[in-house]
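Peer 1: So the chains spell out like this:
There are 2 protein chains.
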Amino acid sequence: MKEVNMAEKPNILSTVPEMDYMEKAPNIDAKEFQKVIDSRRSVRVFDGEPIPEKVVNRCLENALLAPNSSNLQPWKFFWVHSDEKKKGIVKACFGQSAAKTASELFVVVASTGTWKGHAAEMVALLKKGGPDIPKLAIQYYKKIVPFVYTLGFLGVLGFLKRFLYFFRGLSAPIIREPVTRGHLRLWAVKSTALGAENLMLSLRAYGYDSCPMEGYDSKRIKKILELPGDSSVVMVVAAGKRVKGGIYGPRIRFDSGRFIEKV
Amino acid sequence: MKEVNMAEKPNILSTVPEMDYMEKAPNIDAKEFQKVIDSRRSVRVFDGEPIPEKVVNRCLENALLAPNSSNLQPWKFFWVHSDEKKKGIVKACFGQSAAKTASELFVVVASTGTWKGHAAEMVALLKKGGPDIPKLAIQYYKKIVPFVYTLGFLGVLGFLKRFLYFFRGLSAPIIREPVTRGHLRLWAVKSTALGAENLMLSLRAYGYDSCPMEGYDSKRIKKILELPGDSSVVMVVAAGKRVKGGIYGPRIRFDSGRFIEKV
Numbered sequence: 001m002k003e004v005n006m007a008e009k010p011n012i013l014s015t016v017p018e019m020d021y022m023e024k025a026p027n028i029d030a031k032e033f034q035k036v037i038d039s040r041r042s043v044r045v046f047d048g049e050p051i052p053e054k055v056v057n058r059c060l061e062n063a064l065l066a067p068n069s070s071n072l073q074p075w076k077f078f079w080v081h082s083d084e085k086k087k088g089i090v091k092a093c094f095g096q097s098a099a100k101t102a103s104e105l106f107v108v109v110a111s112t113g114t115w116k117g118h119a120a121e122m123v124a125l126l127k128k129g130g131p132d133i134p135k136l137a138i139q140y141y142k143k144i145v146p147f148v149y150t151l152g153f154l155g156v157l158g159f160l161k162r163f164l165y166f167f168r169g170l171s172a173p174i175i176r177e178p179v180t181r182g183h184l185r186l187w188a189v190k191s192t193a194l195g196a197e198n199l200m201l202s203l204r205a206y207g208y209d210s211c212p213m214e215g216y217d218s219k220r221i222k223k224i225l226e227l228p229g230d231s232s233v234v235m236v237v238a239a240g241k242r243v244k245g246g247i248y249g250p251r252i253r254f255d256s257g258r259f260i261e262k263v
Numbered sequence: 001m002k003e004v005n006m007a008e009k010p011n012i013l014s015t016v017p018e019m020d021y022m023e024k025a026p027n028i029d030a031k032e033f034q035k036v037i038d039s040r041r042s043v044r045v046f047d048g049e050p051i052p053e054k055v056v057n058r059c060l061e062n063a064l065l066a067p068n069s070s071n072l073q074p075w076k077f078f079w080v081h082s083d084e085k086k087k088g089i090v091k092a093c094f095g096q097s098a099a100k101t102a103s104e105l106f107v108v109v110a111s112t113g114t115w116k117g118h119a120a121e122m123v124a125l126l127k128k129g130g131p132d133i134p135k136l137a138i139q140y141y142k143k144i145v146p147f148v149y150t151l152g153f154l155g156v157l158g159f160l161k162r163f164l165y166f167f168r169g170l171s172a173p174i175i176r177e178p179v180t181r182g183h184l185r186l187w188a189v190k191s192t193a194l195g196a197e198n199l200m201l202s203l204r205a206y207g208y209d210s211c212p213m214e215g216y217d218s219k220r221i222k223k224i225l226e227l228p229g230d231s232s233v234v235m236v237v238a239a240g241k242r243v244k245g246g247i248y249g250p251r252i253r254f255d256s257g258r259f260i261e262k263v
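Chains A and B supply the protein sequences, listed in that same order.
So for the first sequence, my numbering puts the first residue at 1; every next one is plus one.
So for the second sequence, my numbering puts the first residue at 1; every next one is plus one.
Because the hints were derived from the structure by calculation, they are not lab data.
Given the structure is predicted, the values throughout are model-derived calculations rather than measurements.
You may find that some hints are simply not true.
It does not matter which identical chain is meant; a pair holds if it fits inside one copy or across any two.
[Stated by the list, open to error] Capping the alpha-carbon separation at 25 Å, the derived lysine to any residue pairs in SDA-like fashion look like this: (1) 222 <-> 183; (2) 91 <-> 14; (3) 31 <-> 55; (4) 128 <-> 143; (5) 219 <-> 171; (6) 85 <-> 14; (7) 86 <-> 103; (8) 223 <-> 158; (9) 31 <-> 58; (10) 91 <-> 262; (11) 35 <-> 57; (12) 244 <-> 22.
With the hints as extra help, turn the sequences into a complete structure.
Peer 2: This is the structure we're talking about:
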C-alpha cells in the first residue's frame with residue numbers, strides 16, 4: 001500500500017500513463033438533456049401499456065454505462081416481466097400504486113461478491129490489450145484492488161486494516177474504507193445507484209416515466225428473485241407512462257442554498 | 001405501522017389520492033440524451049480551465065432534482081473552490097491526476113441527521129398547500145417517516161424494530177430497513193448517489209467532463225470541510241474539459257447479459 005499512502009510522491013493514482021488515446025466530445029444540445037432532468041418526476045400511477053422491448057433494453061444498457069467504482073460493475077438489473085414474479089414484487093412493495101400500475105418493473109441489485117472475479121477479468125482483458133496498456137493499470141487490478149476490498153474470513157483482514165489505516169493515517173492521507181462488510185455494501189450500492197439514475201433518466205428521455213421505490217420487503221424480494229447472499233436490493237423502479245393524477249403535485253425541493261456550498 | 005403491513009388491503013402507499021394534477025411530458029430528442037450517456041467517460045486529466053459559474057450552478061441544481069427517498073433530500077454538494085481547500089482535497093485524494101488537474105472539485109456528502117427536520121418541514125409545507133393536499137401525504141411525513149427512520153438512543157428502537165419486522169414479516173410483507181445506523185447511512189448514500197449521477201451527466205451535457213473518485217482519505221476530507229458527525233463522504237467529483245490522454249482507453253464493460261436479467 002506504499003503507493004496509496006504517499007500523496008506527495010508519484011503513485012499509481014497520480015501517475016498519468018503516456019497515452020495518445022482521445023475520444024472527441026460530441027456537441028450536445030443541452031436543452032434536450034435539461035428537459036429530461038426537469039420532466040423526470042416520480043410517477044405513481046402509470047397507464048399500464050407495455051414499454052417496447054427495444055426501449056427497455058436501451059435504458060437498461062444505459063444503466064450499465066454509468067461510472068462505477070474501479071469498473072468493477074457490482075450491479076445487477078432485473079426486469080421483472082413474468083406475471084407471477086410481477087405479482088410477487090407488487091405484493092412485496094405493499095401493493096403501492098406505482099408498482100401496481102407499472103408497465104414494467106425493475107429490481108436494482110448491488111452485489112458485494114463479484115468484485116474479485118471482475119478484477120481478475122480486468123487483469124486478463126488488460127493483458128490482452130497488448131503493450132499499449134499501461135502496466136500500472138494491470139498492477140492496480142492485481143494488487144491494489146484485492147488489497148483494498150478483501151475483508152478476509154469473518155472480516156479479520158478488514159479489522160486489521162482499520163488499525164493499519166489509522167496508524168498510517170496519522171502521518172499521511174490513507175484510504176479508510178472498506179474495512180467492514182457494511183462499507184463494502186455501501187460501496188456496491190453507491191455504484192449501483194449511479195446506474196439506477198441512468199436507467200430512470202433514460203426512460204424519461206425515451207418518453208417514459210419512472211418511480212424509484214424503497215418501501216418494500218427486501219427479504220421477500222430476495223426470495224422471489226432467488227438472490228445470493230451477497231446481494232442488496234437497492235431499489236425497485238416502476239416504469240410506464242404517466243396518467244393524470246399520477247404525479248402528486250408540483251415538485252417540492254427545499255432551498256438549494258442549503259445543499260450547495262461553495263467553500 | 002398497520003398500513004405498511006397490509007399488502008392486500010388499501011394502505012397509505014397503495015391508495016391513490018384523487019388529484020387533477022398533470023404535468024405534460026415534453027417531447028425530447030433522445031439522440032441528444034444518448035450522446036450524454038455515451039460520451040460520459042471518467043476523465044483523469046483535465047485542461048484546468050475554470051468552468052463558468054453559471055454552468056457549475058446549473059449542474060449542481062440539477063443534482064438536487066434527482067429522485068430521493070421520500071423527498072427527504074439527505075444530500076449536500078460542496079463546490080471546493082478556494083485554493084487552500086482545493087489543495088487539501090487533492091492531497092486527501094492522494095494527488096491523483098483527476099483531482100490534481102481538475103478545473104473544479106466537488107465533494108458529495110450524505111447526511112443521516114437531516115431527515116427529521118426535513119420531514120417536519122414537509123408537514124409544514126404540505127399543510128400550507130391547503131385543502132387540495134391529500135391528508136395521507138401529511139400523515140406519511142408525520143407518522144410513517146418518523147416511525148421508519150428513528151433508531152432511538154444507541155439504536156435501541158432500531159433493535160426493537162428488527163424483531164417487530166421479523167415477526168410481522170412472517171405473515172405479511174413488511175419493511176425491513178433501516179434498523180441499524182449502517183442501514184440509515186446506506187439509505188442516505190443511495191439518494192445522494194442519484195444526485196451525483198445527475199451532476200456528472202449534467203456536466204457532460206453542458207460540455208464538460210468528470211471523474212468520480214472513491215480513492216480518498218474520508219477522515220481528512222471531513223476535517224477539511226468541517227463535516228458534522230452524521231456525514232458520509234459519498235464521492236469526490238473532479239470536473240473540467242478532457243485533454244488528449246485524459247481518458248485511459250476505450251470503455252470496457254463486461255457482457256451486459258451478465259447484469260441484465262429478464263425474469
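Peer 1: Does each hint fit the structure? Answer for all of them.
Peer 2: Quick rundown of the hints versus the structure:
1. 222 <-> 183: both (21 Å within a copy, 17 Å between copies)
2. 91 <-> 14: between (50 Å within a copy, 10 Å between copies)
3. 31 <-> 55: For residue 31 and residue 55, both the intra-copy (22 Å) and inter-copy (13 Å) Cα distances are at most 25 Å.
4. 128 <-> 143: Cα proximity of residue 128 and residue 143: one copy only (18 Å, versus 57 Å across).
5. 219 <-> 171: Result: close only across copies, 13 Å inter versus 44 Å intra.
6. 85 <-> 14: between (48 Å within a copy, 19 Å between copies)
7. 86 <-> 103: This pair counts as within: shortest intra-copy Cα distance 10 Å, inter-copy 46 Å.
8. 223 <-> 158: Only across copies: residue 223 and residue 158 sit 23 Å apart there, 29 Å inside one copy, limit 25 Å.
9. 31 <-> 58: Classified as both: same-chain Cα gap 21 Å, cross-chain 12 Å, threshold 25 Å.
10. 91 <-> 262: between (44 Å within a copy, 19 Å between copies)
11. 35 <-> 57: both (22 Å within a copy, 17 Å between copies)
12. 244 <-> 22: Classified as between; 5 Å across copies, 47 Å inside a copy.
The structure meets every hint from the earlier list without exception.
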